[in-house]
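Line by line, the protein sequences give chains A and B. All residue numbers for the first sequence refer to this note's numbering, where the first residue is 1 and numbers rise by one. All residue numbers for the second sequence refer to this note's numbering, where the first residue is 1 and numbers rise by one.
Heads up, some of the hints might be wrong.
To be verified - Short derived list, chain B residues pointing at chain A, Cβ under 7 angstroms: (1) P24; (2) N33; (3) R34; (4) D38; (5) A118; (6) T170; (7) T172.
Calculated from the structure, these hints are not laboratory results. Note that the Cβ used here is the ideal one computed from N, Cα and C, for glycine as well.
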Amino acid sequence: MKKLKYSDITPENYYINRRNFIAGSAVFSSMIASGLTQNEAEASISQLSPNSLQEITNYNNFYEFGTSKTDPAKYSKKLTTIPWQLEVDGLTNKKGIFDLEKILNNKQLEERIYRLRCVEGWSMVIPWIGFPLKKLIDQMDPKNEARYVAFETLYRPDEMRGQRYKILDWPYVEGLTIEEAMNPLTFLATGLYGKELPNQNGAPLRLVVPWKYGFKSIKSIVKISFTSEQPKTTWSAANPREYGFFSNVNPNVDHPRWSQATERVIGEGLFGQRRKTEMFNGYEKEVGHLYKGMDLKKHY
Amino acid sequence: MIFSRSIKNYRILGLYIILLTPIPVYFYLGLKNRLGPDPVKFLEHKYGELALIFLILTLSITPLLKIFKVNLIKYRRCFGLVTFYYVFSHILIYLIFDIGLSLDLLVSDLKKRYYIIAGFISFMLLVPLAVTSSDKAVKRLSPKTWKRLHKLVFIALSLSIIHFILLSKTWTIELLTYTLATMIILLLRIKYKKYRLIFFNIFNS
Ligand code: HEM
Chain A
1 MKKLKYSDIT
11 PENYYINRRN
21 FIAGSAVFSS
31 MIASGLTQNE
41 AEASISQLSP
51 NSLQEITNYN
61 NFYEFGTSKT
71 DPAKYSKKLT
81 TIPWQLEVDG
91 LTNKKGIFDL
101 EKILNNKQLE
111 ERIYRLRCVE
121 GWSMVIPWIG
131 FPLKKLIDQM
141 DPKNEARYVA
151 FETLYRPDEM
161 RGQRYKILDW
171 PYVEGLTIEE
181 AMNPLTFLAT
191 GLYGKELPNQ
201 NGAPLRLVVP
211 WKYGFKSIKS
221 IVKISFTSEQ
231 PKTTWSAANP
241 REYGFFSNVN
251 PNVDHPRWSQ
261 ATERVIGEGL
271 FGQRRKTEMF
281 NGYEKEVGHL
291 YKGMDLKKHY
Chain B
1 MIFSRSIKNY
11 RILGLYIILL
21 TPIPVYFYLG
31 LKNRLGPDPV
41 KFLEHKYGEL
51 ALIFLILTLS
61 ITPLLKIFKV
71 NLIKYRRCFG
81 LVTFYYVFSH
91 ILIYLIFDIG
101 LSLDLLVSDL
111 KKRYYIIAGF
121 ISFMLLVPLA
131 VTSSDKAVKR
141 LSPKTWKRLH
151 KLVFIALSLS
161 IIHFILLSKT
171 WTIELLTYTL
181 ATMIILLLRI
191 KYKKYRLIFF
201 NIFNS
């Protein structure tokens, strides 16, 4: 794929879209003033070339809407995301149920262009809009005993047809250590490509943890709780031998059924070349210290 | 006689063309980048899934005759060979486009990945069956040997479904359907009488 320069992203569209997304939605209208600066966007875009919106919104693993990669785009339109409430629970001084609108009110949105590496052995690059999870956690004032953060996806089978089959133990749950959650890279996305988050990508609020396999980045979050014990996570509950709690991207630790050394790059067509998978998906400098001295073969 | 026979041949030729058309059509769409963001996986999965479906259909023809008296035997060879062409296309997509003809990746897959091993053995079993599909081969081998050789197809089917189960992350509706169909086909083949005899012999000895 050719390297995208800032000017290649069809600036007109991009900015018209951005204005639309800011002006067009009640949730976002309060944030007109807080768009990202051009410098920030330029800095991140120059490193990674994003996949097209078409690719990002038509190749999704979101089993709540079906197991095929095209199911989420087909079946997620019915999902109601306004109003949306977020429950905060566990070891915190701010337990309660909050309107998402309120939570987003004082958050400055920024763009983050991250590579997403799926455990299945493919990757794509996505320009997210959102804010660091740390900002929300600070606001929620967790108690000192809180060592983990647990997340839960919406359970609403009449709008999420995949949940009518028990292929996984619904609702989908995920978790991070508090240190991972507080890392500056850990991000809550509310949009992508300058637009509101499409339903199939986890609207209206999803986690993005770029150094972990994609399934850790839980979508359509309705609940966040702070715990002292390592929380249950859906895929490792379904198959503990294959999916661990950490699930950091690691080319040296294979999935029992396939190699993780390389990945296919989505969007390169039939003749695309595989790329070498990087340790922590290329974010080793930023997050390697979190796992110092840890046996990553054991804590996969 | 000659006339009716040639009509029959045209029919079978037509059947081949219809059943095989998806292979070039999907490949063309792949070249034109019209199979979604990941044409490699699309083709790999599509050819693999169609191979399995045709294998199951091929092996349904005999039970269909025995139980429901529906006679499609004259199309059985066509279905069998179509199965083989889909398997072959499936493997070519894997070799050329998925692993990019990398010998390293192939060797490590064959050593480590159980689902690749199962698929590979299944393919190796299907090759001699495809090669001996002609009337000439039946005569050369003698029908009895030919029949015994072609029983390998049940092992190939079992390994194909194991291949699919092992590569899946969850039990999807499709996977359940194919597994159920495979189990029915295999169960119908077990000769109860023979096995009862064996059991008796074991207990009496
Ligand atoms: C050398 C032999 C074979 C190799 C290397 C091979 C390889 C593969 C690979 C790489 C996949 C995709 C896995 C993924 O999702 O990443 C796959 C899927 C599949 N293969 Fe094979 N395969 C072989 C033989 C066969 C045979 C003989 C059959 C059946 C007749 C078969 C049927 C399938 C099916 C049904 C799928 C899944 C399609 C889906 O997900 O819809 N394969 N195979």
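For which of the previously enumerated hints does the structure constitute a violation, in increasing order of number?
Hints 1, 3, 5 are the ones this structure does not satisfy, whereas the remaining hints hold.
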